[in-house]
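Participant: Listed below are the residues making up each chain.
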Amino acid sequence: QELEYSNGKKYILGDISVSGNTSFSEQTIITYSGLRKGKEMTIPGEDISNAIKKLWNSKLFNDIEVYITKIEGDVAYLQIRLSDLPQLNELKINGVKKGKKESIIKEAKLNKGVKVTENLITTTKNFLTRKYKKDGFINTKVHINTIEVKDSIETARVNMVLNIDKGEKVKIKNIVFNGNEVLNDKKLRKAMKNTKKINRLRILKRSKFIDSAYQADLGHLIDKYKENGYRDARIISDSVIINNDKTISLKIDVNEGELYTFGDITFIGNTVYTNEQLSRLLRIRKGDTYNGIELQKRIADNSKPDAFDITNQYQNNGYLFSSINPVEVSADNNVIDIEIRISEGKPAYFNSVSVVGNDKTNDHVVYREIRTRPGQLYSKANVVRTVRELGQLGFFDAQEISPNFINPNPNEGTIDMEYAVKETGSSQIELQGGYGGGGFIGTLGLSFNNFSIKDIFKKDAYKPIPMGDGQKLALRLQASRFYQTYSFSFSEPWLGGKRPVQFSTSLSHTKQFLYNPSTRNADKSRSFNITGITFGLAKRLSVPDDYFTLSQAVSFQRYDLNNYNTGLFTFGDGYSNNLSYTIGLSRNNTSVDPIYPTAGSSFGVTAKLSIPYSLFNGVDYDQLSEDYDDALVRRANATSTADREYIEANKQITEIDQERYKWLEFYKINFKGDWYTQLAKDLVLRPSVEFGFLGAYNNARGVIPFERFFVGGDGLGNYSLDGRESIQLRGYPNQSLSNQDGGTIYNKFSLELRYPVTLKASAKIYALGFLEGGASYDNFRDYNPFNIKRSAGLGIRIFMPAFGLLGIDFGHGFDPLPGETVKHGWETHFIIGQQF
Amino acid sequence: CSEYQKALKSEDIAVKFKLGEDLYNEGKFAKANRLFAQIVPSYRGKPQAEKLMYLYSNSFYQMKDYYVAGYQFERFASSYPSSEKLEEASFFSAKSYYMLSPVYSKDQKETKDAIEKLQEFINLFPDSQYAEEANKLVQELDFKLEKKAFEIAKQYKEIAPGYTKDFNAAIKSFDNFLFDFPGSSLREDAMFYKLDAMYQQAMNSVEYKNTIQEGLLYLKKDRLENAKEFSNTFKKTFTNSKYIETVNEMSGTIEEELQNYSTKS
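Which chain is which? The protein sequence lines are A and B, in order. Residue numbering for the first sequence follows this note's numbering, beginning at 55 and increasing consecutively. Residue numbering for the second sequence follows this note's numbering, beginning at 1459 and increasing consecutively.
Calculated from the structure, these hints are not laboratory results. Since no wrong hints were added, every one of them can be taken at face value.
Here are the computed lysine to any residue pairs in the SDA-like style, where the Cα-Cα straight-line distance is at most 25 Å: (1) Lys512(A) / Glu1568(B); (2) Lys512(A) / Tyr1524(B); (3) Lys1489(B) / Gln1506(B); (4) Lys113(A) / Asn165(A); (5) Lys1570(B) / His418(A); (6) Lys400(A) / Asn436(A); (7) Lys223(A) / Arg243(A); (8) Lys1612(B) / Ala474(A); (9) Lys513(A) / Tyr1562(B); (10) Lys1612(B) / Asn436(A); (11) Lys1623(B) / Ile1670(B); (12) Lys1476(B) / Val1526(B); (13) Lys1606(B) / Asn436(A); (14) Lys400(A) / Asp1680(B); (15) Lys124(A) / Thr85(A); (16) Lys124(A) / Thr82(A); (17) Lys151(A) / Thr178(A); (18) Lys107(A) / Thr123(A); (19) Lys1509(B) / Glu1469(B); (20) Lys1605(B) / Thr1704(B); (21) Lys476(A) / Val1526(B); (22) Lys1567(B) / Ser816(A); (23) Lys476(A) / Glu1574(B); (24) Lys508(A) / Thr588(A); (25) Lys1667(B) / Val326(A); (26) Lys662(A) / Phe542(A); (27) Lys1605(B) / Pro554(A); (28) Lys400(A) / Tyr1666(B); (29) Lys247(A) / Gly346(A); (30) Lys1612(B) / Pro554(A); (31) Lys1602(B) / Phe1696(B); (32) Lys1605(B) / Tyr1562(B); (33) Lys526(A) / Tyr1562(B); (34) Lys1667(B) / Ala435(A); (35) Lys146(A) / Thr176(A); (36) Lys414(A) / Lys1567(B); (37) Lys414(A) / Glu1616(B); (38) Lys434(A) / Asp1624(B); (39) Lys513(A) / Met1521(B); (40) Lys662(A) / Val757(A).
Hey, can you work out the whole structure from these sequences and the hints?
Facilitator: What follows is the structure, encoded as structure tokens:
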């Protein structure tokens, strides 16, 4: 019964029947359809079409129709007519290897029970053809047959046979160009990036033929001409010639057209910048070979966000709403006149600036780092810099900071700015126990990088620790049978909250008992204590540029010996004080992610100085030095250690040393530089250079035995008793490349190539390869920056917010250790904690 | 084996419900919650479900699990729109969101959500016994947003002299604040701080500056005049302000500075 859709009438549903080729029960189908006996509905109307839609969406039926069988008063009787879609029973694949079959089933989703529709057959066919063509089998043919299964089971089922004929893999034997005079064949072949002829020497790119890549490359060919001024160049014809030996040849006929040059370039609409200023940015003069691609780049270079182009000139000076369009106004005699039409718009000022997503970090910590402030002129460069610096804080996931423009208003010249951030874990816990150095060593380390000291007495703030003021607090306890170390450090990046002046302080105490390696016992009555305290201030500078930081620190350390005789001191009872002032200048503009910088550099130079006591304390160090040498001679001449002469000489040496080291007198210079360059996408090269020198003001007093450089190994300063500096040089055991007392001068060069595996917030992983070399020297006379120990190796780093940086490196030392003659060979290093 | 352990392992949902209710009445919400969680799917669609869902939702609230409580109360309200507990559930749903609102100096997404939910509640039940409390909570949350905007603007003023040299940021932010929160209790402070920023900016200005965007600007003179005008507004608005002496001093200094310009011309 036909009914007009528009004059639908209300009916009450009577019985519903089901007919057609289906194995489902009537009740199931009616339930699926959503139609219910006794329901009031308009026929024809939405209810019926919804019912059909529902059945269709179940993907079980075909040819669904709903009929009215009869109408009695306002009761309508319906019939649903449909047939089941056949299910896939067996699938047979011919023409590919057994191993490939499963992957085809998976990729094309041809599992048993899938409903077989025309659509499925077509898409499968296209999918497979495309798949093989992509791999160079351009002659691939796919046939699909379906065979109905007739058996006792009622559901309709089919068997499917996939016949795949891959044909032969086709390689490109030759690419022939016709009609090219200006650009030779070689240049044109180079312009085709993914379509290459067979060349046994080329290993990175294959010479298979992929149609889509070939079409794109034809475009590249034309671009190449355009870059060289041949604006009219086009491909007249291209043909694929099938050779007998499983190869093809490509024949491309080009029409180069004529050489075009730039004519007059005029600027229209510019009021802010003069024509001269804009021409200087454009760097294109009348008479230059026409190059449309370069022209576009000079106007807006989309590949570099901080390029010196005209768009950025406007964008960095407030003209957010500006737009720049080059238009060819005339092309007479192959000379193209360009009009650069500029619509400057109003300069845009920031209205409100907000931050969202800072669930842990307090506003004041974030807003003080923002360089785009309300009322300020819009500047793209400042937005980019803000994103970088928020990332550098380390509280947010650097990969996920997004600057969002909200409410742009070109008429008023205003824009709102929102920085969306995502907090990342910035606290680290280190809890470890291990066997090393002759006994069990336990370590507990806590470092909170976004601490809030003011909330320390607030109960509510413990979730689980008071956070959000951007302060750093670290505690570390380490103990073994023969030593204990306690350290505490705290820093506040904005002391007083008005200027970026970082205040930091640290306290540490180490107690070490004399250890006898053969009995593995520590003698608790004989000890060596070191207590130290440091206060530091670091100020961001604005001159020479605002990436510079000037830091100053005062530190005091006291070494206390209690009947403790080792090679380090000649006296077993006594003390030594180390009061020093450190001044450092550093510059850091690495970006974006502090864990995985991809650009920028960081370098720093520091000087650590003690007071030159010998200038004014009236001690005659020359005399002491003579006495000392004298005593050494007397001691050497003594017949036995029990000799009276020996004992007295030894006593004198001890006394002189105590006098010399009562207050340590020294100066120390360090330099360190790192550069980061992106070689290809995400692949980063990091060259670095380090240098250090420890000297004495008074040569007679001598260079102190503390504060020295120890080169070799992982460079982790876990066990530093005497202010020593461990310098990383992989491929050799820890501190093995310096003599027992340490060097007074060192240098190190390294090249590291890094590649990220993942840079997600939950875990950042990168692999690295390195080449490095370095050495320490006992004094300036021995110094030779080229006489170094070399190594190379591979490693991996994993950064997880809760654990910090972990890593393992395998280094190969090419040079022998001091005192050995064969090269050192492989060495494994475990890296724990951040390396700076 | 305690009665509770037995009930946990029991197959009988009625036993679980009964004990859960008893525990709930004794104030042992965590235990009750565990039992309820087991039987919620079984009671779905049954007449007792209404009571169960209410107890279940409230047990989350009592356990201070406000995320889930807010969600469960909301679900209760939409599932049982004719329940006698509807008003209560709607209110506690909104209040759960209120409980989630963090300190003003962090992201205020939850605060804004809570204001919206509470406002919805007030609109729906204007005569409710909870309406007064809801209004109070809204006020409290509104004040958080005010305080946030105020503190951010204040920080711009504080870091300007020693770091950014950007008093405009503070002035603009206080302007936005005064516009966004016209009835704020912090209005007097905001206006004073804005004046202070204007004053400091004017006093530290260079005479003039040539800009690409605006051309030649007579910074100092213009800024002094603006500050003077704003100080007059302040004095008129807050005649008895605690800041009045400072403001008078400021306008005196501004007058003196402006003398330079009038004598010249």
